[in-house]
Amino acid sequence: MEDDSRRFLLELREQTGGDPARSVSLYEVGRVLGWERPQALNAAQDLMAAGFVEIRSLSGAIAISPAGVSAAEGALRAAAPAAPPLRLGRGPVLEEGVLRRLPAVLEEIRGTAGAAAGGPAEAMRRELEADLQTIAAQLASPRPKTAVVRETLRSIAETLAGNAGEGLAARLRSMLED
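Once you know that position 26 of the sequence shown is 25 in numbering that gives the first Met the number 0, the rest is easy, because the numbers rise by one and skip nothing.
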């Protein structure tokens, strides 16, 4: 993917929160990047041809496709420096390093939960939200308990497995290893 297209896709993901149901103006995405309208249109057209962007209206409303979300997340992972794998550890209280990195994991889970709506997906979303509230309560404690967070993350991994969240579920399971 060309640099302009990659930058456009990442900004589109940012503006939509990675939600394929949210529409934004392709020109607004370009404006944030400091581009003129033709440059934004060209990048959007390239991404439409690749199946990463969907047109919503002839006036320039677009949305990120599920494939676009995956491509943007892949580009973000490729650009990010490799951090050592996050492990919860076995101590009674979460360690400082875990406390610093856990919010990013929770945001990813929250994004997955937010994408689920209707029928069985709605039940999954409510279950994930309840589990996230459990972890949030622990993080608000002066001594967040490793065992509670561990079991809650195990529950989240089980909920995500087989529900289009297998990659995230696998990463959560790896956090639970010693």
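It is worth saying that the hints were derived from the structure and are not from the lab. Treat the hints with care, as some may be off.
Said to hold, decoys possible - Calculated lysine to aspartate or glutamate pairs in the EDC-like style (CA-CA distance at most 20 Å, straight line):
no., residue 1, residue 2
1, K144, E95
2, K144, E176
3, K144, E94
Now the hints, each set against the structure:
1. Using a Cα cut-off of 20 Å, the hinted pair K144 and E95 holds, with the two alpha carbons roughly 12 Å apart.
2. With a C-alpha separation of about 16 Å, the suggested pair K144 and E176 falls inside the 20 Å cut-off, and the hint holds.
3. For the hint linking K144 to E94, the alpha-carbon distance of about 10 Å falls within 20 Å, and the restraint holds.
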